[in-house]
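The chain contents come next:
2 protein chains.
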Amino acid sequence: MAKGNRITLYDLQLANGITTSPFVWGIRYALAHKGFDVDLVPGGFTGILDRTGGRTERLPAIVDDGKWVLDSWLIAEYLDETYPDRPALIPHACMTPLAKGLDNWFFSTGARVWIKALAVQYRARAHEADHEYITQTRERMWGGKLEDLIIGREKRLAEVLPQLQPLRNVLAESAWLGGDSPNYADYRILSVFLTMSSLADIPILTDDDPLRDWVERGLDLFDGLGRDPRLSPLFGFKPQPGDPEPFLKGGAIGGPAKRNTGPQSTAEETAHITGKPAPAPR
Amino acid sequence: MAKGNRITLYDLQLANGITTSPFVWGIRYALAHKGFDVDLVPGGFTGILDRTGGRTERLPAIVDDGKWVLDSWLIAEYLDETYPDRPALIPHACMTPLAKGLDNWFFSTGARVWIKALAVQYRARAHEADHEYITQTRERMWGGKLEDLIIGREKRLAEVLPQLQPLRNVLAESAWLGGDSPNYADYRILSVFLTMSSLADIPILTDDDPLRDWVERGLDLFDGLGRDPRLSPLFGFKPQPGDPEPFLKGGAIGGPAKRNTGPQSTAEETAHITGKPAPAPR
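Residue numbers (numbering that gives the first Met the number 0), protein chains in the order written: chain B, 0 to 281; chain C, 0 to 281.
Hints listed in this document are in silico derivations from the structure and should not be mistaken for laboratory results. Yeah, the Cβ is synthetic: ideal placement off N, Cα and C, and Gly gets one too. It cannot be assumed that every hint is accurate.
Claimed, not checked - From chain B, some residues computed to sit far from chain C (all C-beta separations above 10 Å):
hint : residue
1    : Glu127
2    : Met140
3    : Ala157
4    : Asp222
5    : Glu244
Claimed, not checked - In silico SDA-like pairs for lysine to any residue, Cα to Cα no more than 20 Å straight-line:
hint : chain 1 : residue 1 : chain 2 : residue 2
6    : B       : Lys2      : B       : Ala128
7    : C       : Lys154    : C       : Leu247
8    : C       : Lys275    : B       : Gln135
9    : B       : Lys257    : C       : Leu73
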């Protein structure tokens, strides 16, 4: 298996050769995490079925010493099952439904808004041969002409930001979604940011977003796998007057985000909800 | 430890004695999961600090053979650490940040809207002695008079439903958030539904919500811990014309929710995005 420590990965790229699919980005990180060298097979959105000998319409796909494996989650599971002595991507099966849940949430809350805001770039930066396919499929998926989808995008980008608070709350308590070290749960979410970074003609996160620390550490992993010069800046979004606060200044003060270790630990929340400066019994 | 297999749990109850706090519900399930008998200490929102000898302003708190443990997450971790031979609530540490992430998302997306829609019941069903505290603190927290917060609630309840799709997508692939059997991740989300069930004068989920199967199985656990007759129906919400579709009929057809096992598995999505009935190469 994995002859010469190499695994082949079918990529989904823009015209400049950078990976754009979040699912492929997740597997690039997964293969690096497992310590493999990667042979990237280049290509864009059209011709995947031909390129893969009729095996799949979607990417990623890997070939490990002749064995084809499809689907970003199934590939991650295959890598852990086949190479249990290498660092685990999914250290325990109890992680999978939860990581998928967070991933599904992040797609519907973040990715879905961002990708439409970058819809024109999505086509403009793709291979020429993909332009018609992208226009046809994405205008059906997203319900409008790509040029129209980006109109007023600044407002929608601003509205996404407070909705990312659940992720900020968790990363205020934990260095990584994987705990002390990153795992496939981190790579799933990070990969959405990398997709946006492959397309962004406008940054999607503010300079001071508390997520920035985690994102930057993620981009640095594996000798800077996410530091490709073909990627565009993610940080620098400027909310306008009337936009919602992009994140909770000072972090969450109560609810499921905070641990109760006694009255001192809840004094701030108590003051906030009672309007009395000193902690009051409840 | 756990003399006579019993652990004391300080409850947060309504006037009829039913548990209302989601954090306490989570620990009721956690203690049942670990196989303990529970001595519930009754009580409402006010007087927690006195009731617990100055130890805490918030519940749950447990006392295990004289040892006090606070905070719903810390109690779950304590139970697993102290009783490793009993069924694990958190089978692996990699679960914790993700379960907290999903929990934080569910609080901000579901619980926050539902609790305001039930704000009048929240006070009406509470102990008389709690009414003033609830009025003062919740009107500050929620930004309005309780009577005003419920006006037009049907519309807001309808708008929550499509946002629960990430949870539906995961539970379409997995029997429980814990995988083949429930764990603390399930109890966290289920507990929010139990809180709403303690208060609901209007159901919050439609009869045909795909989440129903998981919710009903959760309420049945541990000899029907969630089947208390003091709880109100959760199902029966009726969307009105103009409300969004409450859930994806037929489930998600692509994106992170689906596994690619070859061209047949993606044919439906391809037909959908290309507008062509037969699977087309891309």
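Would the hint linking C/Lys154 and C/Leu247 be met if the CA-CA limit is 20 Å?
Answer holds: C/Lys154 to C/Leu247 is near 18 Å, not above 20 Å.
Run the distance test for B/Lys2 versus B/Ala128: straight-line Cα separation, threshold 20 Å.
It is violated: about 34 Å lies between the C-alpha atoms, which goes past 20 Å.
Is B/Lys257 close enough to C/Leu73, meaning Cα to Cα at most 20 Å?
11 Å, holds
B/Glu127 remote from chain C - nearest C-beta pair above 10 Å:
16 Å, holds
Status of B/Glu244, Cβ more than 10 Å from any chain C Cβ
Since the minimum Cβ distance to chain C is about 14 Å, B/Glu244 lies beyond 10 Å and the statement holds.
Far enough from chain C: is every CB of that chain over 10 Å from the CB of B/Met140?
Given that some Cβ of chain C is not farther than 10 Å from that of B/Met140, nearest at about 5 Å, it is violated.
Distal placement of B/Asp222 relative to chain C, Cβ over 10 Å
Holds: least Cβ distance 24 Å, greater than 10 Å.
Does the alpha-carbon distance linking C/Lys275 and B/Gln135 stay inside the 20 Å limit?
Distance of about 11 Å is within 20 Å: holds.
Taking 10 Å as the cut and beta carbons as the points, is B/Ala157 off the interface with chain C?
17 Å, holds
The structure shown violates the earlier hints numbered 2 and 6.
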